[in-house]
Amino acid sequence: MSTLRGAIDASASALNAQRARIEVAVSNIANAESTRGPDGQPYRRRDIVLATEPVESFDQALGRAGASGVRVASVVEDTEPFRRHYEPSHPDADAEGYVAMPNVDVPEEMVNMLGAARAYQANLTAIGLIRDTIQRALELGR
Amino acid sequence: MNEITDRAILAALGRQMNQAVQRQSVAAGNLANLDTPGYKARTVSFGDVLEDELQAGAPLARTSPGHLGGITPADGAATEVEGLAARRDGNTVQLDRELLNMTRASGEFGAAQTALAAKFRLVRYAINEGR
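Here the protein sequences come in this chain order: A and B. With this note's numbering applied, the first sequence corresponds to residues 1 to 142, in that order. With this note's numbering applied, the second sequence corresponds to residues 1 to 131, in that order.
So that you can see chain A by itself, here it is in the shape it has in the complex (with noise of 0.2 Å):
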């Protein structure tokens, strides 16, 4: 049964990984209007890169078959240039009058977030799955 420990391992790894990229997205939302971070520039987009990595290397050792789960490796700033608004009202703004805003494209967060539940939901019907599996190998003991 060790590999279905390391099937939902690697299921569950994918849920932490899903929650983070919600929670970027999220931030990226919340901040697309923040035209001063602690640096005192505007919030720049982030985004996360995610990697594979093995969740049980025992089975691997074994040269069985074994799931890989997934793990955020980064989380990298958007190098795009701010957007520039015209407002010389702002506080922010500059000598011309223009605000630098921060380089968030809110739709394409949505969809971001839209994709990362998606996945979500397939990871934990997954678990579903698997956690059936192992209930019919439990029930082998009645």
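Hints may be right or wrong, so weigh each one.
[Unchecked claim] One side of the interface only, derived from the structure: several residues of chain B facing chain A at Cβ under 8 Å: (1) A28; (2) L34; (3) T36; (4) L84; (5) Q94; (6) L95; (7) G110; (8) Q113; (9) A115; (10) Y125.
If you are wondering where the hints come from, they were derived from the structure by calculation, not from laboratory data. Here a beta-carbon is modelled for each residue, glycine too, at the ideal position from N, C-alpha and C.
For this one, chain A is given, so just place chain B on it according to the hints.
Just chain B, lined up with the frame of chain A:
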């Protein structure tokens, strides 16, 4: 024709469950990497294992009677699936395909489990002298 022994049936059912578990694990791994750039969907192949099973009956050659006979490997190796369309980020995982694989593996496991439970019931019947 060889008589099919109880032991062979039990072993075969056990192997079927083992393979279903490995299929399910690999599919779960694929699902976990649904959004990992460059990840290639993997699958387990048991073709060689089946070949070994068909040759069963011929035990491994031993150079000394003290050596163990060896075990038929019931473990498949995970390989990348060929011919799947890759997305723009190089990922080839298809959500429906993996969920289908998992459900199918679940069904195979359930079938083997039912048969195995029936076998065990017979054994229990014998142990309890038919009571």
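Task: Unsatisfied constraints (hint numbers, rising) - done: 4, 5, 9, 10
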